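Take the sequences, apply the hints, and build the full model.
Chains A, B, C and D, in that order, give the protein sequences. Taking the numbering used here as reference, the numbering of the first sequence is continuous, increasing by one, and the terminal residue is 499. Taking the numbering used here as reference, the numbering of the second sequence is continuous, increasing by one, and the terminal residue is 499. Taking the numbering used here as reference, the numbering of the third sequence is continuous, increasing by one, and the terminal residue is 499. Taking the numbering used here as reference, the numbering of the fourth sequence is continuous, increasing by one, and the terminal residue is 499.
These are computed hints drawn from the structure, not numbers from a lab. This one's a predicted model, so the numbers in the text were calculated from it and none came from an experiment. There may be inaccurate statements among the hints.
Which copy is meant is left open, so a pair is good if it fits within one copy or across any two.
Stated by the list, open to error - In silico BS3-like cross-links for lysine-lysine, where the CA-CA straight-line distance does not exceed 27 Å:
no., residue 1, residue 2
1, Lys204, Lys256
2, Lys102, Lys90
3, Lys151, Lys178
4, Lys204, Lys102
5, Lys204, Lys151
6, Lys178, Lys204
7, Lys178, Lys256
8, Lys90, Lys469
9, Lys102, Lys365
10, Lys363, Lys469
11, Lys102, Lys256
12, Lys363, Lys178
13, Lys102, Lys363
14, Lys344, Lys90
15, Lys469, Lys365
There are 4 protein chains.
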Amino acid sequence: MTTRLANGGTAVQRFWTGDYYNEGNSSNRDSIFDKLKEECGVFGVFGHPEAANLSFFGLHALQHRGEESCGICTSDDGTFHYHRGMGLVKEVFDRDRLEGLKGSHAIGHVRYSTSGASQLGNAQPLVFKYRGGDLAICTNGNLVNEPGIRKELEESGSIFQTTSDTEVIAHLIARSSKDLVEAVRDAFQRLIGGYAFLIMTKDKVIAACDPHGLRPLVMGRLGDAYIFASESCALETTGAEFVRDVEPGELLVLDKDGLHETRFAPIERRAICAMEYIYFARPDSDIYGLNLHSARKRMGQVLAQEAFVDADIVTGVPDSSISAAIGYAEQTGIPYELGLIKNKYTGRTFIQPSQELREKGVKMKLSAVRKVVEGKRVVMIDDSIVRGTTSLRIVNMLREAGALEVHVRITSPPFMNPCYYGIDTPNPADLIASSKTVEEIRQAINADSLFFLSEQGLIDSVGAHPNEKNGGLCLACFNNDYPTAVRFEEAKLTSCSCD
Amino acid sequence: MTTRLANGGTAVQRFWTGDYYNEGNSSNRDSIFDKLKEECGVFGVFGHPEAANLSFFGLHALQHRGEESCGICTSDDGTFHYHRGMGLVKEVFDRDRLEGLKGSHAIGHVRYSTSGASQLGNAQPLVFKYRGGDLAICTNGNLVNEPGIRKELEESGSIFQTTSDTEVIAHLIARSSKDLVEAVRDAFQRLIGGYAFLIMTKDKVIAACDPHGLRPLVMGRLGDAYIFASESCALETTGAEFVRDVEPGELLVLDKDGLHETRFAPIERRAICAMEYIYFARPDSDIYGLNLHSARKRMGQVLAQEAFVDADIVTGVPDSSISAAIGYAEQTGIPYELGLIKNKYTGRTFIQPSQELREKGVKMKLSAVRKVVEGKRVVMIDDSIVRGTTSLRIVNMLREAGALEVHVRITSPPFMNPCYYGIDTPNPADLIASSKTVEEIRQAINADSLFFLSEQGLIDSVGAHPNEKNGGLCLACFNNDYPTAVRFEEAKLTSCSCD
Amino acid sequence: MTTRLANGGTAVQRFWTGDYYNEGNSSNRDSIFDKLKEECGVFGVFGHPEAANLSFFGLHALQHRGEESCGICTSDDGTFHYHRGMGLVKEVFDRDRLEGLKGSHAIGHVRYSTSGASQLGNAQPLVFKYRGGDLAICTNGNLVNEPGIRKELEESGSIFQTTSDTEVIAHLIARSSKDLVEAVRDAFQRLIGGYAFLIMTKDKVIAACDPHGLRPLVMGRLGDAYIFASESCALETTGAEFVRDVEPGELLVLDKDGLHETRFAPIERRAICAMEYIYFARPDSDIYGLNLHSARKRMGQVLAQEAFVDADIVTGVPDSSISAAIGYAEQTGIPYELGLIKNKYTGRTFIQPSQELREKGVKMKLSAVRKVVEGKRVVMIDDSIVRGTTSLRIVNMLREAGALEVHVRITSPPFMNPCYYGIDTPNPADLIASSKTVEEIRQAINADSLFFLSEQGLIDSVGAHPNEKNGGLCLACFNNDYPTAVRFEEAKLTSCSCD
Amino acid sequence: MTTRLANGGTAVQRFWTGDYYNEGNSSNRDSIFDKLKEECGVFGVFGHPEAANLSFFGLHALQHRGEESCGICTSDDGTFHYHRGMGLVKEVFDRDRLEGLKGSHAIGHVRYSTSGASQLGNAQPLVFKYRGGDLAICTNGNLVNEPGIRKELEESGSIFQTTSDTEVIAHLIARSSKDLVEAVRDAFQRLIGGYAFLIMTKDKVIAACDPHGLRPLVMGRLGDAYIFASESCALETTGAEFVRDVEPGELLVLDKDGLHETRFAPIERRAICAMEYIYFARPDSDIYGLNLHSARKRMGQVLAQEAFVDADIVTGVPDSSISAAIGYAEQTGIPYELGLIKNKYTGRTFIQPSQELREKGVKMKLSAVRKVVEGKRVVMIDDSIVRGTTSLRIVNMLREAGALEVHVRITSPPFMNPCYYGIDTPNPADLIASSKTVEEIRQAINADSLFFLSEQGLIDSVGAHPNEKNGGLCLACFNNDYPTAVRFEEAKLTSCSCD
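So, in structure tokens, the structure goes:
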């Protein structure tokens with residue numbers, strides 16, 4: 001038995017035993033972890049006649065948070081309509097699909113891309129029927145104590161059709177004898193983890209954020225309608241006005257009487273995921289009032305102060321490190337150049353160069369620009385080093401293109417610990433920083449020098465709450481300081497970020 | 001609220017309020033009922049290294065029982081793999097999909113085609129996790145008392161993601177504290193209806209048939225492996241040897257120790273669905289030892305004895321009534337001719353003739369063959385009359401092609417009552433035979449004469465159990481004699497045959 | 001160099017060197033010739049506001065004549081619109097495609113399915129620009145002297161983008177200095193072969209048939225519009241009234257002044273392809289006033305007179321031999337039974353049983369019905385024997401299902417010679433009848449007895465022109481009497497029927 | 001009659017009368033011209049066992065030059081294999097397709113995206129048969145005198161199946177009585193225009209560039225193989241080593257004896273297309289030794305010198321103007337910021353915001369980043385202004401996001417004249433700079449100030465041949481100085497760049 005918890009295996013074991021089911025051929029799973037995976041994104045509308053269309057455009061703006069699958073559920077005077085599918089938002093929905101999704105309330109979801117197993121069953125929103133009627137739920141994040149709750153539910157006779165946290169929440173709500181909002185409140189009080197939830201019934205949309213605010217969620221207005229989104233860029237895209245971030249522990253309920261601002265928990269220590277600032281969120285989004293492009297540029301500037309090196313050019317690994325590289329260049333006066341370029345047409349393709357062609361230099365995605373780097377001392381800015389294999393490949397690419405020196409500067413501290421809150425991280429043993437010193441990593445990636453941004457530098461760059469611990473950030477992946485209890489005997493590692 | 005039972009609406013109400021959800025544009029729902037809909041088909045393998053491939057070919061042979069969606073789940077030393085999709089078996093599965101479905105046990109399903117709403121969520125097998133591990137279930141048929149059980153389960157906190165009976169069974173099994181086989185036995189003892197079930201766990205395949213044997217299920221052997229299928233044609237297709245029909249009330253369990261032949265109920269009055277003989281099953285299948293082509297040919301012969309008419313040619317409405325027409329022709333000596341022809345490339349297409357073109361005679365599916373019918377007195381054999389609209393259209397088509405007289409002969413008695421056991425029937429008020437006499441129907445369909453096969457004629461043609469009531473057939477749709485209790489205040493009409 | 005004529009290779013050599021180009025993986029080419037291939041079909045409309053829609057339905061009715069690719073070209077006050085694609089008519093065209101095909105004149109085409117090479121480039125109608133404007137052409141049939149004309153054209157500087165005869169015609173027309181109709185007439189006078197052509201310019205539709213009438217073409221009326229079609233079933237489908245067959249050597253021109261009935265050649269000896277009667281045309285079509293179902297039934301009756309055998313049942317190989325089997329049964333009094341059944345969902349699928357499964361009896365397409373044939377002496381009716389491999393397989397299938405004896409009756413004489421007029425035939429060496437006696441064939445296909453319909457029997461059954469040689473039929477594949485010169489040093493064997 | 005030249009209409013007329021044919025619904029043609037269209041790209045391989053795979057990766061690297069359709073033709077010891085389709089390289093080709101393209105020589109093509117009409121018939125390489133055997137041709141660019149040659153060819157009986165220049169070339173080659181290389185040479189000597197050609201026969205690959213070098217073409221080596229590509233980035237991607245640019249008027253022939261460097265014309269005045277530097281080519285490509293990113297950065301720097309403005313931030317319109325914006329920022333010391341962001345998942349999608357949603361601010365592709373531009377004086381860098389509509393939209397977007405001032409700086413001179421050499425330009429009347437002064441344009445696009453890079457500034461930034469007129473650039477679209485004769489009575493405007 002390899003499926004989740006079925007044999008009482010530990011979380012880590014489960015994590016490595018594979019997918020619950022398999023569709024098609026799985027590619028080499030290792031390749032997943034060359035790059036941290038985007039999490040999911042959620043989007044919701046209450047009270048707009050074009051709820052499904054707005055969700056389409058909102059989810060399209062959040063597409064970077066999940067390319068695997070997506071879905072939208074609408075409530076049309078109590079009748080639910082939904083459609084979910086594998087693929088990009090623009091692929092899964094066409095005009096006919098959207099026209100079928102009638103109603104003025106909607107919640108939608110984009111899900112990140114796992115390699116190999118395409119799991120339509122896990123596409124969200126999940127839609128349930130229970131005693132109280134219809135219920136649609138979607139989420140971004142991860143519950144640490146989901147395995148325990150799931151086991152308890154199974155022991156009292158529950159069945160599960162997905163591996164998603166969402167289904168656990170639905171069971172908790174359905175088993176409560178209280179009214180919906182109270183049942184939701186009770187359910188959230190049982191959850192430990194980092195998450196943003198959108199829940200829809202026939203006449204309500206409910207939004208909630210975990211007590212540490214680990215995962216982002218914002219609220220906006222579009223005329224009389226309310227909009228929720230994982231990132232503010234989706235408000236901008238849909239023409240909605242930003243109102244505010246959903247606060248940790250809040251439970252916002254929209255019904256025919258309007259917005260009810262309640263909480264299911266007090267704000268505990270604020271701990272918004274630092275990786276949202278470093279890598280995940282779109283540069284045109286704001287989190288707690290801070291624009292992401294500006295934040296990343298500042299990381300580059302602070303990194304330049306912490307780790308100056310005399311060089312001829314600065315280049316960033318596209319797309320995520322361009323802002324930081326420009327900041328580094330501005331701070332140092334070293335020209336910013338396009339030393340690396342990404343083919344924008346890459347994306348899902350099943351044709352890869354053969355081993356032989358790859359060895360001869362065939363590249364699909366990223367190339368070094370010979371004319372730019374040849375004979376130059378290069379500062380290469382990247383956002384993080386996970387296994388080190390990608391960094392090594394890029395450094396070597398620059399050297400083969402004629403770079404004299406390659407100085408690697410990373411806009412985050414060494415990534416050493418797994419995430420339990422929604423970021424898909426490899427086996428801790430494979431995190432290069434968990435077993436190697438910076439100098440050893442430098443050698444492993446063949447760099448002339450290597451510096452990581454300091455924790456304080458990161459906090460100074462992006463800390464929205466300077467008076468809080470870690471500036472209000474979760475830095476657990478860097479410093480092992482998890483904001484919640486993480487009891488390993490039952491905690492669930494994030495094997496896929498929305499489970 | 002329009003969804004199932006949520007407002008305590010009666011079954012009939014629920015039936016007419018539409019689909020739980022909607023994907024794409026729904027075509028005119030009325031058009032569903034021009035023809036009775038095929039039910040679903042199930043196929044199972046225990047102990048064959050090519051379990052998924054066999055399921056593919058077996059389901060392909062059962063495709064006529066359901067064209068909407070299909071799925072296969074395999075158990076590979078306890079790891080479940082599955083794939084489900086909308087479309088024909090050959091469309092949903094390709095080589096890669098099948099190769100991913102490793103394992104030596106499998107169950108699979110084809111689901112019939114509803115018009116408009118394409119419900120991937122209802123595709124089977126459904127796969128669950130519960131305390132005991134993984135569970136896959138698929139079914140053909142319908143449970144009369146599902147709404148009551150569902151309501152009871154909802155009241156104790158269950159959630160439902162589909163409208164399928166299968167999910168109800170899974171809940172009943174999961175809530176039992178007994179071992180799997182006992183839990184399954186207990187669950188079946190609660191069910192009222194007509195059904196054939198296949199259930200798979202990591203190391204077992206279980207097959208069961210309702211206590212009246214309303215829905216067909218056969219068992220075969222392929223070397224050491226066991227095969228189950230809704231119809232024997234799927235055994236033939238996969239090269240398996242027919243062993244026997246699964247008997248009413250039986251619970252057959254296959255595990256590492258082989259076949260365990262048990263029952264969860266005694267055989268009550270046998271009542272195999274007469275429509276399987278009349279229309280649904282493939283002509284090359286056998287049910288209780290009787291070949292379907294031969295049975296239909298005999299219906300035609302008996303009908304000829306009961307309702308001879310002097311005519312020039314006999315023609316059958318393709319494809320289902322060809323065998324009966326040949327029987328009628330043989331019995332009467334009137335030549336069998338191809339007076340009606342069906343375009344074999346029809347099938348799912350979204351382009352239909354415009355109203356104007358249709359009025360001018362553009363036909364997509366069925367045409368009368370002018371040279372054959374012109375100036376002739378035609379006996380037209382069909383299997384049933386549901387609303388009468390299709391019969392009228394065909395009679396007129398024959399007349400427009402020059403038929404002098406059209407004598408309609410139906411190989412079943414008048415269809416007057418809804419089915420509760422898996423056949424999608426229209427609103428009883430729309431069954432033409434429920435409100436009109438045979439003479440009135442004759443006028444409505446513009447026939448020169450009209451005769452229905454008598455109940456006794458039907459029993460004589462196909463009754464495999466002559467000593468049982470109705471020859472062991474369920475004739476409820478003709479004579480209102482339902483083999484089970486059908487309490488209308490909670491009974492579930494078959495809105496789609498596998499729910 | 002393996003491409004056509006480039007090395008001056010003989011026709012037969014060229015025929016075996018493969019396709020001009022290749023798309024995707026080619027399956028085993030031998031499998032092509034288990035069954036003679038359908039030819040192509042053409043459909044045309046002059047003067048109807050829904051010309052494209054009518055073409056859609058007309059081509060759908062002609063789909064059996066070609067499943068590989070299809071296309072429609074319309075003329076909209078002189079602007080041409082066209083769309084061509086691989087696949088069935090209902091797959092290639094959707095509502096948007098059809099709406100884009102504006103105009104009141106149209107010609108369309110369905111092309112038969114080659115195995116392996118899918119040749120979009122050869123899809124028709126081909127559309128050209130030349131000095132005179134736009135020209136669209138489609139054809140059914142084959143030109144014997146195309147290689148010579150092509151070579152001559154190449155030598156004077158022509159280039160070819162397809163391997164289609166159609167392109168040769170276009171060159172001939174374009175090179176003429178006469179007006180279009182004269183140019184077309186001159187072109188046809190150069191052609192030797194069997195063909196039906198539809199040609200469209202901005203304001204004309206031209207239809208022509210070879211001087212022997214080898215390939216069928218009919219004309220109909222729909223209100224004021226004129227319709228052309230390869231078979232009359234397409235008239236029936238579109239609601240058009242049959243007017244007459246296009247006569248051998250005729251050149252019918254439709255323009256704003258109406259129909260101009262001219263000829264480019266006198267009727268030479270009439271020689272309509274016998275295989276149209278035996279196998280290709282739809283049973284509801286009429287050719288020269290003779291309905292195809294009736295013709296085939298009569299073949300079965302004549303065959304019964306020529307080759308009676310005492311047996312228990314008669315069965316036909318579906319679908320093409322059902323009519324003949326019924327005729328045989330009627331004539332002999334032996335009951336017609338469904339001893340063989342074809343899975344109607346087969347069609348293009350890329351999944352085939354593995355060798356191992358096939359040996360164990362897994363069948364995709366055709367099965368014997370055990371209950372029907374077990375213990376019986378079976379007369380099996382088929383339309384032709386090409387290589388003998390299929391016949392052997394079917395005979396064995398019947399024996400494995402328990403048939404005591406299998407008596408094969410073929411509704412055509414032995415197929416011994418290649419076709420040069422549009423039927424895809426294998427290498428003559430592989431035609432079993434070209435090297436074996438009937439008795440040897442009987443042994444090769446494992447039959448208890450074997451009879452072929454005599455030439456006279458065939459003529460008696462279908463000869464529409466009893467006073468002409470061979471009853472006005474082309475029987476060259478049976479008796480080597482080709483109606484045209486077939487100079488082997490340059491003749492083109494039909495490698496694909498529309499070239 | 002609206003098709004090309006059929007009525008002897010002038011080029012300009014023809015240009016505006018629409019497409020030769022139409023597939024599906026055409027969107028508003030005006031929208032084409034909001035942005036200059038990329039031209040096409042070519043790629044060739046001589047002498048590598050993985051010729052098709054290399055072409056796949058090479059064309060993928062050239063995808064930005066054409067997203068509409070693509071194709072590859074290989075020569076496998078003289079047998080041609082090819083596949084062409086609509087869509088991106090990664091969509092049109094899969095592993096099976098590539099495996100079918102056997103052979104060690106290949107040429108391939110990507111074609112730019114027209115709006116509405118998807119013209120598979122025009123996909124390249126075009127493949128012909130002629131007296132000399134097989135011929136495959138693909139091209140980038142446009143022939144000015146194609147209409148005259150086409151007319152002449154039509155008058156002597158040629159037929160055309162496409163609207164592509166390529167077909168004209170093929171006719172010229174086929175009509176020559178000389179050997180292939182001489183025939184090709186003669187053909188090129190007749191051509192006037194800007195073009196790069198790749199021609200393949202069974203055993204040769206020929207590359208040629210027009211006598212002014214208007215369109216780029218480079219040669220590389222990969223082991224013993226030769227590679228040709230429109231841009232050097234495709235060499236880098238395939239691991240090939242850059243050898244040299246193909247010179248104006250060169251005719252390079254590769255055969256079994258290796259490379260033959262010949263010419264069909266002397267170098268006339270060099271005039272490489274300036275828009276390649278400004279906009280089309282990938283930033284990691286080099287043209288005549290100049291890296292494009294560096295060139296664009298220098299344009300930004302020169303523009304800063306020519307048109308400094310005091311501001312708070314510099315931002316570029318993504319993606320093409322990022323390099324220039326960074327140059328402008330570096331030169332002025334004004335920080336570069338991400339004031340505009342493009343959704344990277346856009347691309348072909350058929351769902352657009354409704355008018356109502358668009359008015360309310362729903363954006364699909366480009367957004368201004370409020371936090372970055374709010375309260376700021378913004379310098380917005382763009383590469384060109386065509387109609388002005390896009391610029392107005394972006395300026396307004398920045399203002400709505402709170403920009404205090406928007407200063408537009410364009411890295412090219414005013415675009416005033418149509419291109420005859422391969423760039424799809426709108427009706428000259430719609431080129432805003434052809435009828436308005438800079439001040440009027442400034443008002444039309446609602447900018448606070450507007451400056452265009454001067455011609456001299458452009459030449460200084462990118463002129464690879466400083467001693468030649470215009471630095472060896474074609475600046476005709478800016479200064480009306482066309483390097484070739486452009487006789488309007490028959491010249492062909494570039495309606496689609498590869499015709």
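Hint check:
no.	hint	verdict
1	Lys204 / Lys256	within (8 Å within a copy, 51 Å between copies)
2	Lys102 / Lys90	within (18 Å within a copy, 29 Å between copies)
3	Lys151 / Lys178	both (23 Å within a copy, 17 Å between copies)
4	Lys204 / Lys102	within (16 Å within a copy, 44 Å between copies)
5	Lys204 / Lys151	between (30 Å within a copy, 23 Å between copies)
6	Lys178 / Lys204	within (16 Å within a copy, 40 Å between copies)
7	Lys178 / Lys256	within (20 Å within a copy, 46 Å between copies)
8	Lys90 / Lys469	neither (41 Å within a copy, 48 Å between copies)
9	Lys102 / Lys365	between (40 Å within a copy, 25 Å between copies)
10	Lys363 / Lys469	neither (44 Å within a copy, 38 Å between copies)
11	Lys102 / Lys256	within (18 Å within a copy, 50 Å between copies)
12	Lys363 / Lys178	neither (58 Å within a copy, 42 Å between copies)
13	Lys102 / Lys363	between (45 Å within a copy, 21 Å between copies)
14	Lys344 / Lys90	both (17 Å within a copy, 12 Å between copies)
15	Lys469 / Lys365	neither (39 Å within a copy, 38 Å between copies)
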